[in-house]
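Number of protein chains: 2
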Amino acid sequence: MNDDFYMNLAINEAWKYQILTYPNPAVGCVILDKNGKILSIEAHKQAGKAHAEVNAVKKALQVLNPNLIFPKEDDKIYEFIIKHHNNLLKNSKAYVTLEPCSHYGKTPPCANLLKEIGISEVVIGYEDKSDLAKGGANLLKEANINVKFGILKDRCFELLEPFLMWQRGNFSFLKLGMSINGVVSGGIITNLDSRKMVHKLREKIDLLVIGGNTVRVDRPTLDTRLINNGKNPDIFIYSKKQNFDKSIPLFGVENRKVTISNDIKLIKNYKLCMFEGGENLLNNLPNFVSHILIFSSTSFMNRKAINADVKIQKLFSFDMKDNFYIWYKIKS
Amino acid sequence: MNDDFYMNLAINEAWKYQILTYPNPAVGCVILDKNGKILSIEAHKQAGKAHAEVNAVKKALQVLNPNLIFPKEDDKIYEFIIKHHNNLLKNSKAYVTLEPCSHYGKTPPCANLLKEIGISEVVIGYEDKSDLAKGGANLLKEANINVKFGILKDRCFELLEPFLMWQRGNFSFLKLGMSINGVVSGGIITNLDSRKMVHKLREKIDLLVIGGNTVRVDRPTLDTRLINNGKNPDIFIYSKKQNFDKSIPLFGVENRKVTISNDIKLIKNYKLCMFEGGENLLNNLPNFVSHILIFSSTSFMNRKAINADVKIQKLFSFDMKDNFYIWYKIKS
Numbered sequence: 001m002n003d004d005f006y007m008n009l010a011i012n013e014a015w016k017y018q019i020l021t022y023p024n025p026a027v028g029c030v031i032l033d034k035n036g037k038i039l040s041i042e043a044h045k046q047a048g049k050a051h052a053e054v055n056a057v058k059k060a061l062q063v064l065n066p067n068l069i070f071p072k073e074d075d076k077i078y079e080f081i082i083k084h085h086n087n088l089l090k091n092s093k094a095y096v097t098l099e100p101c102s103h104y105g106k107t108p109p110c111a112n113l114l115k116e117i118g119i120s121e122v123v124i125g126y127e128d129k130s131d132l133a134k135g136g137a138n139l140l141k142e143a144n145i146n147v148k149f150g151i152l153k154d155r156c157f158e159l160l161e162p163f164l165m166w167q168r169g170n171f172s173f174l175k176l177g178m179s180i181n182g183v184v185s186g187g188i189i190t191n192l193d194s195r196k197m198v199h200k201l202r203e204k205i206d207l208l209v210i211g212g213n214t215v216r217v218d219r220p221t222l223d224t225r226l227i228n229n230g231k232n233p234d235i236f237i238y239s240k241k242q243n244f245d246k247s248i249p250l251f252g253v254e255n256r257k258v259t260i261s262n263d264i265k266l267i268k269n270y271k272l273c274m275f276e277g278g279e280n281l282l283n284n285l286p287n288f289v290s291h292i293l294i295f296s297s298t299s300f301m302n303r304k305a306i307n308a309d310v311k312i313q314k315l316f317s318f319d320m321k322d323n324f325y326i327w328y329k330i331k332s
Numbered sequence: 001m002n003d004d005f006y007m008n009l010a011i012n013e014a015w016k017y018q019i020l021t022y023p024n025p026a027v028g029c030v031i032l033d034k035n036g037k038i039l040s041i042e043a044h045k046q047a048g049k050a051h052a053e054v055n056a057v058k059k060a061l062q063v064l065n066p067n068l069i070f071p072k073e074d075d076k077i078y079e080f081i082i083k084h085h086n087n088l089l090k091n092s093k094a095y096v097t098l099e100p101c102s103h104y105g106k107t108p109p110c111a112n113l114l115k116e117i118g119i120s121e122v123v124i125g126y127e128d129k130s131d132l133a134k135g136g137a138n139l140l141k142e143a144n145i146n147v148k149f150g151i152l153k154d155r156c157f158e159l160l161e162p163f164l165m166w167q168r169g170n171f172s173f174l175k176l177g178m179s180i181n182g183v184v185s186g187g188i189i190t191n192l193d194s195r196k197m198v199h200k201l202r203e204k205i206d207l208l209v210i211g212g213n214t215v216r217v218d219r220p221t222l223d224t225r226l227i228n229n230g231k232n233p234d235i236f237i238y239s240k241k242q243n244f245d246k247s248i249p250l251f252g253v254e255n256r257k258v259t260i261s262n263d264i265k266l267i268k269n270y271k272l273c274m275f276e277g278g279e280n281l282l283n284n285l286p287n288f289v290s291h292i293l294i295f296s297s298t299s300f301m302n303r304k305a306i307n308a309d310v311k312i313q314k315l316f317s318f319d320m321k322d323n324f325y326i327w328y329k330i331k332s
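In the order they appear, the protein sequences are chains A and B.
Following the UniProt record's numbering, the numbering of the first sequence begins with 1 at its first residue and continues without gaps.
Following the UniProt record's numbering, the numbering of the second sequence begins with 1 at its first residue and continues without gaps.
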């Protein structure tokens, strides 16, 4: 199989954790042994936890030596690998969707880790242009490691783009729960797995934007109860009218700021925003909302479907039991 | 990676050719070299052409020896491999979604091919229970090849199920072309890639079933013009009324039988049937229609969506440029 095949595995693994890694980017990493056998397909899963490269090296070592007992704390894995890799990964090969970092942040630089374990080639999808992290490829090249750039570069950019938008000030996306035939309202559409994933997203975002009509009709709570003790997002009710029944549960959630306004500029004060809604919101999306995330049930429903005229591009789909979700980018 | 990972690659490759292989089943095969590196991911693509195992062994040998020039005729590849494999695949490993065949049909038995090249292990998803082809695993075991059964058995069964239904007398599925929000009518929905694929399916089926109202409104041709010189399917217009304007193009296609009836028993005289239609057909599907194939555009459209109350199960999705299709099974 060619480089595209392995990079594709890394990209798809990383997409599973899109948004969940914030304020870090979603990154995937695949490691092959010296004979070309796949040892690991891993991703960065959460800020403060191990980077994609560290997870992939850890898993690869576990495959080669199941007796190796890794520390439970993610911030100790890097040092453990440096001490105990025992040259098991000498002449192995790594595929990384983003250039390995070269700086000491919460974790030491991944480029150095790859050098230390004796990797012979690193294939990179997208060059890291950030002042903070760039330079990983140079560090590798100086250690005589073969570095290849630009494999599935466009798809690696798509994976990174939400993070780059966030870095520049704002990443906003619309979340919809939809039946096969476009029904998005009138009761619960998706299953528990889908709703748990939505609650995980709510925990990561800075602001949840919702239409005034949805608030009045659905009387939602908009919290993270399905994932226990999650942080509840601030709410922006996108509405001209200011009068809302304050017994609607969302107003009763602790440690939350609720803004009621139709001034979309206020939304852009927040960096990571999820819009939740239906037909009205889809047809009145501010132009800075760039992506749509659709959670799909596997039923046709006997209710009115959502109506709109919007072109989108499919980026990634993931199957859950009975449901699936798809990330799309809105075409301008 | 574990056996599931490699079997999954074989399953997904085979699904791409679902229906197109008839009257043969869709089968996929993955070959790893003696060190566990993936050499090939292949499938059976068309009846009369090479089986999945032959395609996979051919591709694996091409990877290991790019100078090997294979014969162009598919029916000569088997013998060519036997003569020229040169033990390059000694101790390799194969994953096959269906037990390799043991009989001399249009091609010699695949189980024998795997034996001859010196394979050391064959992992099989689903046991072949047909009197004609079964016994491949025994042939392998007698040659001291390690045989493992039942990896992703349920998914391998799903892949094979349309063929098993066809073998028992009838496989019928509904094809829909749909926007993101469930619009299926009122003009062309999907792109050229989707419509070419539909024409490929029309070439393979025995009967195309369509609703009377669609015939009157759309005045379709229902031929295979997008794939040049394809066989055009017989047509069954599902309608009580017999009076149709015979200048509607479908009546003018040569070498085609057109039946107009509401007696669904007549449909079951044909073994492989594709239903094409919209809301009316979806809500009046005969109970022997077991699967739905949805070609999806990547637009929300400002038209009325399809309405129904049907539960389905997602089996396989495939991305094409700007469009994608998903195979579903109808839940009873």
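Incorrect hints may have been included.
What the hints assert, rightly or not - Derived coverage of chain A by chain B (criterion: at least 3 residues anywhere in the stretch with Cβ under 8 Å from a Cβ of chain B; other residues may be distant):
| # | segment |
| --- | --- |
| 1 | 20-31 |
| 2 | 174-185 |
| 3 | 287-300 |
| 4 | 303-311 |
I should point out that these hints are in silico values taken from the structure, not numbers from a laboratory.
Beta carbons: idealized from backbone N, C-alpha and C, even for Gly.
Structure-based check of all given hints:
Counting residues of the segment 20-31 of chain A whose C-beta sits closer than 8 Å to any C-beta of chain B gives 0, which falls short of three, so the coverage hint is violated. By the rule of at least three residues with a Cβ nearer than 8 Å to a Cβ of chain B, the coverage given for the segment 174-185 of chain A holds, with 6 such residues. Coverage of the segment 287-300 of chain A by chain B holds [criterion: at least 3 residues with CB-CB distance below 8 Å; count 4]. Check on the segment 303-311 of chain A: 9 of its residues sit with their Cβ under 8 Å from a Cβ of chain B, so the three-residue criterion for coverage holds.
In the structure shown, a violation is registered for the earlier hint numbered 1 alone.
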